[in-house]
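Assemble chain B onto chain A, guided by the hints.
2 protein chains.
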Amino acid sequence: MINKDYQTQINSWIKENKVVGIELLQKLVRNRSIQTKEYDAQQVLISHLKKLNLEIDEWEVGGDIFTHPYFCSTRKNFLKSPNVVAVKRGSGNGKSIILNGHIDVVPEGDLTQWTDDPYSGKIEGGKMYGRGTTDMKGGTVSLLLAIQALKELGIELNGDVIFQSVIEEESGGAGTLGTLLRGYKADAAIIPEPTNMKIFPRQQGSMWFRLTIKGRSAHGGTRYEGVSAIEKSITVIQELQKLEKVRNARIVDPLYQNTPIPIPINLGIIKGGDWPSSVADEVTIEGRIGVAPDEEMNHAQEELEQSLKNLEEIDPWFKKQPVGLDWFGARWVPGTINEEHPLMGILHSKFQQVKQTEPMIEASPWGTDGGLLEKLGGIPVIVFGPGTTEIAHFPNEYIELEKIFEVAEIIALTLIDWCGVSS
Amino acid sequence: MINKDYQTQINSWIKENKVVGIELLQKLVRNRSIQTKEYDAQQVLISHLKKLNLEIDEWEVGGDIFTHPYFCSTRKNFLKSPNVVAVKRGSGNGKSIILNGHIDVVPEGDLTQWTDDPYSGKIEGGKMYGRGTTDMKGGTVSLLLAIQALKELGIELNGDVIFQSVIEEESGGAGTLGTLLRGYKADAAIIPEPTNMKIFPRQQGSMWFRLTIKGRSAHGGTRYEGVSAIEKSITVIQELQKLEKVRNARIVDPLYQNTPIPIPINLGIIKGGDWPSSVADEVTIEGRIGVAPDEEMNHAQEELEQSLKNLEEIDPWFKKQPVGLDWFGARWVPGTINEEHPLMGILHSKFQQVKQTEPMIEASPWGTDGGLLEKLGGIPVIVFGPGTTEIAHFPNEYIELEKIFEVAEIIALTLIDWCGVSS
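Just so you know, the protein sequences line up as chains A and B, in that order.
Residue numbering for the first sequence follows my numbering, starting at 146 and increasing by one per position.
Residue numbering for the second sequence follows my numbering, starting at 146 and increasing by one per position.
None of these hints come from the bench; they were simulated from the model.
Any given hint might turn out to be false.
[To be verified] These stretches of chain A come out as covered by chain B in the derived footprint (C-beta under 8 Å, 3 or more residues):
#1 249–260
#2 408–420
#3 506–515
#4 530–543
[Said to hold, decoys possible] Residues on chain B that point at chain A, a partial pick, calculated with CB under 7 Å:
#5 254
#6 368
#7 384
#8 417
#9 537
Beta carbons: idealized from backbone N, C-alpha and C, even for Gly.
The following block holds chain A by itself, in its conformation from the complex:
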């Protein structure tokens, strides 16, 4: 069978089975799988995986993971938060591949900004709405449609296909770290995070941090007797804005040329004070700093530390009360795949074949678990998926259903070329 025929077959199988994907996605979205609540959504996947005759491995990460240098999580255990891996064994002598998606979603945020229930899975105008549609249950459905298409069309691959549905991607990668510690490796990996069908050979790293800015309390009516931690926070925020400019001015990689801020510093949470007419004596700010694909995590940390040190020159208050810095919670290791890597070539050509146009190749504006797979597992990773970044973590998150099917088709064809087919 020539490639052209595979495409025709796969394309028609997917066309005929769109409902399978839509139903699965809706079931996944209706399960609010925020951190610690992943269990039910994973069970939805398991019952689907069983129909595909894969070797299913469901387990809670733990044990040695807590002391691993790459471990990063606020959690003390992962009870009732299982990882799921399902392997489709190849017939032999083919290259293996990991297809990795995460089941956890970020919280829905301010409900009043959502038009509907964030977990409705409502379909309208070719889109499905809901938290997690784009980031990244839609991508996971693309993977499973690709696997199912090959199975039902009787296309047997030489290499192993290792499907992974991991926890904790949004908060440090303990799920994917757990798959590596359990021995899951492969010759390459694809992660269908929401790239809007752009191909991302670069993966930005990132880390979470917590700043503690001290003031001195006083009665609001004599606020000049105190020191407002809220006012001091403005100085801190402005210094971090400067740091972001300096760090981004250095990024010359052409893959970032369409990205307004390649490696952003995002301040996501602010909280301080406890009485309207008292001077706030403490403010905490939690945020994330982007790490360039070729940058060491340490280097980004040191630059942020230096920025906080610079504050002492701007305002002597910070000499007396240095800003507290805590690297907590989530961390995503950066990564990069050689643009000449064979998987890049295959994915590129399958995209052209299906879409009849050139793919856009860019660098990822956010971290994924791909950095861990590459840095710790030595596995080259491409991020390529159906959702759109702009919608991830947003109210009224949605995904265009058609993109899920296109990505499924491209990935199925990529698997054929990468893993090989016995003739």
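Quick look at chain B alone, frame taken from chain A:
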């Protein structure tokens, strides 16, 4: 008996009964009478008042108060939060006086900034430490020592002395409003809030407000796709800083000449965002705006509203998403007493007599319940007390015990002259 003799008698009575005051203050401080928890501290007072043979009135405010135009509280009821008033009837034909203190204290804030338990009532170096010592349980103890001294020395006044221990001063004055609605009026009033023994014929008003600043959520890695409510908050804060400057530049009252910011705008609480790597879609800021003694509350409100309107010129974002403004929680009406009022003269001369020095006369840097007594009750009010403003609402709040006794002596002598004594 001539005045000189009253002073000698009162001075020695207080010297001999310092322990009475210290014990009472410590008992009051050890009861953490933050909003809704005032009951136990009021019971401490009641058992003390019983020994002084006063007519005691203990009641929970309610009924019509909730629809009164001056009512201002977040509370839906005041169950278990009684007001206490105790009247010492005069023998007749004298001027009456209200002696008003509040039993509520502001929360203790960040515990790590306190050297000891905030409710220890620890005594060291002539000071008692604890939340509420200075604001204003110390002042209340001065009042009760003055009343007890007169009683035990057999000095009978012509006019009524109406002692009040009210709730809710820190959050809108519903306690003092309740005393007015219950019919308590007098020819004048003294409130021993912490003036550091300065005499305050002016009372700053103030109001609480809540600002809601909208952003638009996005993934932190593509934060340029969202709008950070935290960044927008900086613009809002800076605009309010400008407004504070403009409003204070207008204050020419010489009584404010030693006050760096006569009518401050204090931003006490900030809160926004719910995920470190998401763009914050909403920030709320809660604060208080000072109202000049001769200013209408409405005028201050309108100026703040105009400032928020000005934001639309600075950043078009605010045209699309105007900052929400909510006048909530506490409100203190401003007030002013004529400096030629006879009570001013009496207090002035009694201060000189006891302290052998001139009193400082200034304008209050914060609101008190005095504004309500004046505006609604038509009662001229002087604020004069033993604590220090700088320490109010602070960690490690304390009061110099000696000041409590000095104020008690000055007030006892003032009562004699104001209410009159039958010869």
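Right, here's what the structure says about each hint:
1. 249–260: holds (count 5)
2. 408–420: holds (count 11)
3. 506–515: Per the Cβ count (4), the hint holds.
4. 530–543: holds (count 6)
5. 254: holds, 5 Å
6. 368: Holds, about 5 Å.
7. 384: For residue 384 of chain B, the interface hint is violated, since the closest Cβ of chain A sits about 12 Å away, which is over 7 Å.
8. 417: holds, 5 Å
9. 537: holds, 4 Å
The structure fails to meet hint 7 from the earlier list, while all remaining hints are met.
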